[in-house]
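Given next are the chains, with one letter for each unit.
Protein chains: 2
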Amino acid sequence: MESAGRSRVGIPQPPGVQEQPDSAAAQPPRSLAGAAPDAAMGDSAQEEQSLLLAAAYVYDAQYNRNIPFDTSPRAVRLYYLYNHWTMQAATYFFIFVDLALALFEEPAVYLLPFLVTSLTEVLCLLVFFGRLFHFAQVTPRDVFWKDTKNICIMITILMTLVDLIVFGALRISSIRGVRWSRPLRPIFLINFAESRQIRRAFRSIRNTLPEITYVFLLFMFSVLMFSLMALKLFGDRNLKTVEGLPYFSNYLEIVFDMYVLVTTANSPDVMMPAYDFSWWYCLFFIVYVIINTYIFMSVFLAVVYNNYRKHLKNEIRKLAYMKRRKMIEAFNLLKVKEEAEFVVKEDRWKRLVKLVAPDISTSHRELLLRICDEEQKGFVDKKSFVRLADLLNIQVITMKLHSHPLEVWIHQVYNSAPSLLLRKMVQHKVFVWMYDVIILINAVFIALDEENPLISYAEWVFLSLYIVEILLKLYTYEPRTFFARNQFWNWFDTSIILAALIATVLNTTLKSVTVYNSQQVLDIVFILRVLRLIRIIDSIQRFRVIMTTLINIVPTMLTFGGLALVVYYVFSIIGMEIFHGRVQFFGGNSTVQHALYCGNPALKDTTFARAKYCKNNFNDIASSFVVLMELTVVNQWHVLANGFALVTHEAAKLYFITFHIVVVIMIIK
Amino acid sequence: MESAGRSRVGIPQPPGVQEQPDSAAAQPPRSLAGAAPDAAMGDSAQEEQSLLLAAAYVYDAQYNRNIPFDTSPRAVRLYYLYNHWTMQAATYFFIFVDLALALFEEPAVYLLPFLVTSLTEVLCLLVFFGRLFHFAQVTPRDVFWKDTKNICIMITILMTLVDLIVFGALRISSIRGVRWSRPLRPIFLINFAESRQIRRAFRSIRNTLPEITYVFLLFMFSVLMFSLMALKLFGDRNLKTVEGLPYFSNYLEIVFDMYVLVTTANSPDVMMPAYDFSWWYCLFFIVYVIINTYIFMSVFLAVVYNNYRKHLKNEIRKLAYMKRRKMIEAFNLLKVKEEAEFVVKEDRWKRLVKLVAPDISTSHRELLLRICDEEQKGFVDKKSFVRLADLLNIQVITMKLHSHPLEVWIHQVYNSAPSLLLRKMVQHKVFVWMYDVIILINAVFIALDEENPLISYAEWVFLSLYIVEILLKLYTYEPRTFFARNQFWNWFDTSIILAALIATVLNTTLKSVTVYNSQQVLDIVFILRVLRLIRIIDSIQRFRVIMTTLINIVPTMLTFGGLALVVYYVFSIIGMEIFHGRVQFFGGNSTVQHALYCGNPALKDTTFARAKYCKNNFNDIASSFVVLMELTVVNQWHVLANGFALVTHEAAKLYFITFHIVVVIMIIK
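In the order they appear, the protein sequences are chains S and U.
Start counting the first sequence at 1; every next residue gets the next number (the UniProt record's numbering).
Start counting the second sequence at 1; every next residue gets the next number (the UniProt record's numbering).
Okay, chain S solo, but in the shape it has when bound:
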C-alpha cells in the first residue's frame, strides 16, 4: 500500500517527487515542486490529479477540517468519497440506529427479539468498521495509529462484539447477563470525525477539569465542615422533620441534605425544624446558602470562563494557522512562475473553484475572480489565493428579479385596474394591522370554551381568513421571493396554516365517520391553532430582532443537545441496569394499594409515593430520559434520589449526585 508519493498533509508535495521531510517551510520556490506541474502540462491526468488535490486542500480549509490524508492519486480519490455527503449521512444514520437500539432492547419501549437487535447492532458495527477502514486508506498509516479517536472506536467495536457474544451465549444457557457495553455506544457519536463540535465541547470540558476540581474539593470541604457544625448544633436536640423522622442525627445524611441545599432543592424545608426551635439557627442556613450556592457558584463560573477564553484563543489561532498552511499547499500545487513571482493562472483557478464549490453560479465565480485578481492581470497571486477559503464562506444572495408568473401567463388580467387595486391593498400597512386584530380576536375565541357550536364555526372562519391571506400574498408577491430561504416567517405561517387545515379536515372527517374522537389529532389541532397566534410577534420590530437572536442561538443549542444526548444516553443505560423494575407505574386500572406505593412496599409513606412520582422510573429509555430531564431541572431531585435509594441502597444517591455534578459542569460550560 505504501508508495513513495505518500506523505502527510502538513508536508505534501506533487506526486512522484521524493519525500523531503523538511519541506514544511514551503516558502522558497522549490525548483522541483514548482516545475513539476509545468513540466507535466502535457500530461492531462497529472494536471487533473494536482487540481483534485488542491481542491481537497481548499475544501478542507474552507470548512476548517483537519484530516491528514495521503496525497497519492488513489488516496485523494478515496478522500473525496470519504467526504461525500452520502457517506457522512450514512455514518450518522447508523450511529443513530445503534443508539436507537436501546428503544427495542430489554427493558424496551417496544420489545424486538434479541436476534433482531443483535443482528442490527452487528450490522452497525460492520458499517463503523468499514468507515474506519476507509479512513485508514485515506490517512497515512502512522498518523492513523497515533490517533486516539481511531483506537477508541476499534476497541469499542471489539468490546461490543465480545459483550454481544458473551450475552448471547449466557442467554442460550438461560443465564441473565448484563449488556455492559451499551453505555459505550455514544463513543461512536463523539469519535467519528464528523462530530467536531461535540468533540470540541468535550475537549473544552476536559481542559477546565483540573482547575474546577480544586474549587470543587474546596467546596466539598466547606460542605463537610458545615455538616459537622450542623451535626453538633442540631444533632442532640431531638428535633423531628415534617415527616417525623429524626432531624440531622446521621452525619452522612446531613452531608446529603446539605449538598441538596446547595442546589436549593430542599429549601426552606431543611431549615424549618431548626428555625422553629430557635430564630438564630436560620442564620446558619442563610450563611451556608450564601457561601456554598452563590459565592462558590460565581467562583466556578469565573474559573470556567477564564479557562474557556484562554483555550478558545489557542484553538482559534491554531485553526487560522492550519487554514493558511492548507491554502499555501494548494497554491504550491497550482503555481507557475510569472515575472519573478509565482501565481495561479486564471483558467486553472476557475477549474479549481468549480471543483471546490460546484453549485455556485458562473456570475458568483466571476465575482470571486474579480476580488482575487483586482487588476485583471489574468492570474491570482499568493496573497489573494490564500484568502479564497474565507471568500467561499461568504454567502452571496443572488437577487433575481423574477416577474410574477401570473403576469407572464395572464398579463392583461393581472395588470387590470381591480387587480392593481387589490395588490396595492395587500401591500398596505392596514392589511397587516387588520390581520393583527384578527389574530387577537382569534386568541379570545381560543380561550373561550370549545363546546359552543358557534365557536367551532368561528374556527372555520378564522382558518379561511388565514388561507385567504396567504393566497392574497402569493397573488401580490412573487412566489419565489415569498418563499426565499431567509423569509422565516412566510415559511412558518404557510406551514402552520397548511398543517392546521389538514388536521382540522382530518379531525372533522374522523368525527363524522366514527364516534371515536381521535385525541392525538385533536391535540395537534389545538397546538397548531395556538401556534398561529405567534405570528403577531412579527408585527413588532423589537420582537423581530429578539426572535432573530433566538433563532441564531439554535446551532449552539444543537451542539449542546449533542452533548446532552451523550450524557443522557450513558446515564439512562446505567440507570436502567440499576433501577429497572424497582418502581412501577400502574394506570387507572390497578389496585389502589399498588398504585399508592408504586408497586414497592419500601416506598410506603415516602414523599416519592405521596407526590405520585411512580411514572418517574427507569423502566425504559424514554422514561429514563424524562427522569434525567427532571434531574437536570434540579427541583425535587432529592425526592427522586431518596425514592430510588429506598428501593435499592443508600449508595444509589451517588448515581444522582454524579449526574448532578456532570450536568452542572455541562451547563456552565
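One copy or any two copies: either way a pair holds, since identical chains are not told apart in the list.
Below are the DSS-like pairs computed for lysine-lysine, each with C-alpha atoms no more than 27 Å apart in a straight line:
hint, residue 1, residue 2
1, K240, K604
2, K240, K612
3, K511, K232
4, K318, K383
5, K146, K318
Simulated from the structure, these hints should not be mistaken for laboratory data.
For this one, chain S is given, so just place chain U on it according to the hints.
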C-alpha cells in the same frame, strides 16, 4: 453667601480672580491664573488656601469622588469637614438607626413606645437635614438644586415628617393609621453621596431596563401562549392534582403555574398528572422548560451583559476624564513658570502630599517624589503631576526588619542552643505537617459523641495544643511581622483560638456554677471548634489561591449586600403591612389545632400548613427578611405565595411575582 470667588469645580480659578466662564480649557498658560500664586507668595494665608484647595482636588481625584464644591476659602474648609471620616461615619450611623427603627416599631421584634421611635426618627431626619444643609454650603447653589439626589432627600424628609404627624394624630384619636413613608427610608441609604457603589449598581440596572423589558414582554407572551395551549390540551380532561384539585382548568391559575415552572420550583409536580395521562404530554413541559427557562435566560443574560459592558466603558472613560481634569486644576493652582514650562516646586509638592495623605511615611513620600521628579530637577512637571492621584493609590508595603523583642530583652537566652533548636523546629515543614495531622485527628474527635467524658477531656488537649502552637510561633517569628495586615491566616487562627478558649472557659464555669447549660455559649463553642479545622486549607497551595480569590470577591459582595438590603427593606415593610398577623407561629405550648393551620383556618389542608411553614410569616421585620431570603432562593416560593394568597387575596401572588422579578434582575446584574 454668593461671592465673586465662587465657581464650580469644573472651572476653578485662583480665588480673587474674576470669573471667566470659558476657562474650562485650562491648557494654554493663562498669565493671570499662572501669576496669581506667584504674586501672592508673600501672603502666606493665600498660599495656604490654594494649597488646601489643590489638596482637595487631588484627594477627590484619588478616590474618584465627583462632588462639585465652591472654591471660596470658607467652602473649601467646610468641604474638608464634610469629607471628614467622623461626619461620614455619623451619617451612616444615623441611616442605620433610621432603618433599624423597623425592629422596634409595631409590628416589632422588640416593641418600644411610639414616642421613643418617633422621636428617634425625627432626630435622624434632623441629622439628614443637617448633612444636606452642610452640603448646600459646600456646593454651588444652582448645582445643588439641579441634583435630583438632594431634591429626593428633601422630599423624603418632608413626607416622613407629614406621615409621622398624621400617624401620631390618628393614634391619639385611636384610629389605626398606616406608616406609609417607611418603605421610603432606604432612599437615604441610596442618595447620600457616600453610597456611590450602590447608586452605580442602581444606575446600571436602570440603564438595562428598557432592553430587558422587551425580552421580558416576549417571554411573557411565550408563557401566555403555552398557558393557552395547556388550557386547551389538559383543561377538559378532568385530571386532578396530587392535592385532588382540578388540574389546569382556570386560565389565570395556569399562567401562575407556568410562571412558577419557569423558576423550576414546581417541577416535576406540575407535569405529573398530564404525564400519567399520556406519555407524550411530557414533551409539552420539556419544550416549555427548554424555551422559557434555558433559552430565554441566556438571552436575558446576553442582553444584560452587552448593556453592562457598553455602559461600563462609558463610565470608566468619564471617570478617567474627571480625574485628569481635577489633577490639572490642582496643578494650575500650584504651578510656577520655570524655563518656558509650568511646574510645581518640590517643597510645595511635598506640602501638598502631606495634606492629601497625612499618614504616609517620609520615606514613602520621598519615593513618590523620586518617581514624579525622575531627573531630580527640584520640581514636578505637569505630566508627572497628573499621575500623582494614581501613585497615591498604590499600596507600598514597608518591610521593617524588626528584631524579635525577646532578642533585645533576653539576648543570651533567646540565642542559646536549645532556643535556636526550638526555633529551627518551629520553622521546619514537619511542624506544619504535625499540626495538620492534629487537626485531622481533632476532626474525628469532633464528629464523635460529646457525652463521652474522655472526649470532652480531649477537647482541652487539642485547645492547649493549638495555644502552644501560637505561642511557639510568636516565640520564633517577630510578632509585628506575624500580625502584619496581609497575614490573614495568622489573624484568623489566633482570634478563633482565643475566642474558643474564652468560650470554653465560660462554658465550664457556667456548668460548674449553675445547673443551667447555656445553649448560646455551647453553640458558639461548637462552631468555633469546627472553624478551627478550616486552617488545614492554608497548608495546600492551590486552596490558598482560591481562598484569596474568595476574599477578593468580598467588596463586590458588599455592594450587592447593600442593594439587597434596600430591596429587602422595601419589600419587608410592604409585606408587613399586607400580611402582618395573617399567619401565626405557635411554639410547642399551643393547642395542636392552632399549630396545624398556623392560626388561620384558610390554611387547612394546604401544602403551606402541611410543610409546617407557619414561622415563615411577615409578623416582624426579622421574620420578613427570612421569608424574603427563602423567596430569593426560589425553591418552594409558590407554596409561600399560595399560602399568603389564601389568607388574603389571590392578588397577593403579584407581590411574590414582583419580588421574584426584582430579585432576578438584581442577581443577573
